[in-house]
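Chain order of the listed sequences is X and Z.
Taking this note's numbering, the leading residue of the first sequence gets 1, the next gets one more, and so forth.
Taking this note's numbering, the leading residue of the second sequence gets 1, the next gets one more, and so forth.
What the hints contain is simulated information worked out from the structure, not anything from laboratory work.
For glycine and all other residues, C-beta sits at the position ideal for the given N, C-alpha and C.
Check the hints yourself; a few may be wrong.
The calculated EDC-like cross-link candidates involving lysine to aspartate or glutamate, where the alpha carbons are at most 16 angstroms apart (straight line), are [claimed, not checked]:
#1 Z/LYS340 <-> X/GLU69
#2 X/LYS33 <-> Z/ASP348
#3 Z/LYS64 <-> Z/ASP39
#4 Z/LYS282 <-> Z/ASP348
#5 Z/LYS287 <-> X/ASP46
Some chain Z residues flagged as far from chain X (calculated, every beta-carbon gap over 12 angstroms) [what the hints assert, rightly or not]:
#6 VAL60
#7 ARG63
#8 TYR108
#9 LEU115
#10 ASP198
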Amino acid sequence: MNTTRANRSMKRLRALVLLTLAAVLVSGCSTVKPWVKPYERTNLADPIMSFSRDPVAQVYLHHVYQAREGARGAEGGGGGGCGCN
Amino acid sequence: MPKVAAEVAVAATDPRRILLLVLALLLSSGAQAAVLPADRADIMYHKYEGGGMTIDGPSVLVRKAVSDSVSLSANYYVDQVSSASIDVVTTASPYTEERTEYSVSGDYLLNKTILSLGMTTSSENDYDATTYFLGISQDFFGDLSTLSLSYAYGADDVGMSTDPTFNEDIRRQNYQFSWTQVMTKNLIMNFNYNIITDEGFLNNPYRSVRFRTESGYSYEPELYPETHTSHAFAVRGRYYLPIRAAFLFDYRRFNDTWEISGYNIEFGYIQTFLEHWTAEAKVRYYKQSEAEFYSDLFSRSREFQYRARDKELSDFTDTTFGLGISYEFKPQWAGNWVEKASANLMLDFINFDYNNFRDLRVEGREPGTEPLYSFDATVTRLFLSVWF
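Just chain Z, with the same shape it has in the complex (with noise of 0.2 angstroms):
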């Protein structure tokens, strides 16, 4: 019995020996060549806009390649909260708040498969968040296909800006599996399964139920299950149309243990025109129910053992309308150090329509008859990408 096909027959009696096991397979298969990404560098200036939130920030990105075999990239994040939204308006007070975010990781091309690690870091004055992650990317059949398959963990410290004392915590796991296929010579195919499961305080120690009373309605905290896991498949593609064009689609859809299911489509357009020039478009639709401990309004307090409010959980739709624009360049001052650089502005414009979360700011309504909650949400993601 050949070597590897030995270790199958007796890794296959031990699950946790078999993500090992594939990723023995995928090292010791004959492979086709598996190329690094290019060094690049990317500065964006972030911005959403909507439902009282302003969120802005830079994000900065650098990747480049140590060796023939390493590359390395370092990424910094931030987000600069203002939040007037409607839960705060309604239940507490307008605050302002940041998030910083680090993430470094590198790519190992060995034997013709790339072996990834990386490590994401992320605090706020209430909230801290690492992950690790681990993944292997491998080209098959000619490069007409690649695996990959990546595990993250995450671990969360949960705080309360109120109460000092407050310490919870949550674990993640992360794991995905994706199939790129080249179908012909103008498509190309991913076919993506992921399954995410947290365990740990998952609710907002922050956000309330409301539920009747006599005289109207009242609040108390939300208290959500300790743990959740959700199954996500996606299936995208893309088409190349002969003017130097590109038809794009995405179909995800996902449930999980809390009841939620949902799906989202979404069709796009890329075009280069007048040499440098690329503009697209998309249009996106995401649909979700809502989770079995969600209600606008309970009919009593502590009515069921779980509850919940977070409009994100509740039933609703979004849709996206999307535009961008890129000009690509070669900035003369730079010499051969820079290869290329493009400028690019996308614009997104997301509206929001919930089904079953109700305006509470409209007053003078009986409980549970107030006007359904609605927004519009704007996106824009302004950055410079530098390829050397």
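Isolated chain X, as found in the complex (with noise of 0.2 angstroms):
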């Protein structure tokens, strides 16, 4: 019984997290004003503040490390779906 209401109110709960979510995606947009206007962003514009300049080195350099190291995931950029051992 309380298993069922425990379920419920989980339920419940991802349905208002859910609905919360699908209001700022829907209706967000619309209403915030970007604070960065497109005539100011000609600096983050610049191949040097790009995340993912050089794809093939980076991905390599990824590669590198992920051969060698414990950690794995959340590299950014290139990274992504490697496949290697």
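The task is to assemble the complex, starting from two chains supplied on their own in separate frames and drawing on the hints.
And the structure:
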């Protein structure tokens, strides 16, 4: 009985979280004003500011570390789906 | 109730549908412009040299938009391995082998959202791996935020060159969440969370652990658990300096169900000069604890249910110093076909320092008192990039 009630509460909580997410995603885009205007993004558009400026070189270095360190994942940039051992 | 919200309420009761729901939301919301990756080709020679190993080979990447909404890419990559590492020297014979990897992917721009699909397959004489990849990326809030979600599924076949009847497999799943945020007109940051889970034969079939015997020590095969789940969280950023330079930072924390925890921190600096040149320097520090079933020297044979003596699972640190130089130019002979090109050289010097992995090449010592192992490695990346 308590388990069923707990499950229902959990489902309601999940629904609430997702409804909030939906509301933010659907309506938020049109109400939040960008605090950095398009004409102020020249510096950010410079290639030296890119997280994946040289994808081939970046993926290779991830591969070097993945093969020799226990840590893996969240490399960012050109990472993901390595398929290597 | 709006249609999207009604779907949320239904889908919330079934976790398997949550990912599909989020994808639907991303596709239906009022997004800002997304841009397909630029058309480019890269050809690279890579080389890793250190600890008795030399691994080198080419990598070629070509990316081309085939319409206003579809961009395709393909990558060919080879590792030519020549190994006389400490593991090989102490328990096996030096060997050479080749690993070849092919990747193809496509990006589809749909209603200002980018959907990505990809596949990677690699093969060597005793190991084959295939990974399928699905991702979605969308800009929000006037292009100040980018949300990316991805899922990858991998299937590996593990063999043994010394035993043709040996055949095991691994199933891998990879879930990634990434949020990139423009903070100010000079600062951009990225937050990344990644869960990876593996099931199957996860140890190296050739590697051994050592255990004490009356006359010294002996070896027996490693044995790992058949499941492995890891969590990694990273925050990274780039800050633009008014002299057309950038300051970079990167921090990542990691932990897994084998009780390895670790982190790495990196700082870098990129400087442009003389119009065509870009130089960069970085320093990276990595530290991890050892797996709960790791030991450099077990007390006896089959002391525990699981056992490992892979230095990758031991307690160690590594430190990297990296330097890079790039020269950008426009090849006149290519006419209007090539927009620009760059020639690049990057060198990374890495020192690995092990705190519980001993150098068994040193003989005449009481087992467990041999010197701790350390080595230096040099990583070279020489590549040419062309944008067209």
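Hints and how they fare:
1. Z/LYS340 <-> X/GLU69: violated (36 angstroms)
2. X/LYS33 <-> Z/ASP348: This hinted pair is violated, its Cα atoms lying about 42 angstroms apart.
3. Z/LYS64 <-> Z/ASP39: Given pair Z/LYS64, Z/ASP39 holds - Cα atoms ~5 angstroms apart, limit 16 angstroms.
4. Z/LYS282 <-> Z/ASP348: holds (9 angstroms)
5. Z/LYS287 <-> X/ASP46: Violated: Z/LYS287 and X/ASP46 sit about 33 angstroms apart, past 16 angstroms.
6. VAL60: About 8 angstroms separates Z/VAL60 from the closest Cβ of chain X, which leaves it inside 12 angstroms; violated.
7. ARG63: violated (8 angstroms)
8. TYR108: holds (17 angstroms)
9. LEU115: holds (15 angstroms)
10. ASP198: violated (10 angstroms)
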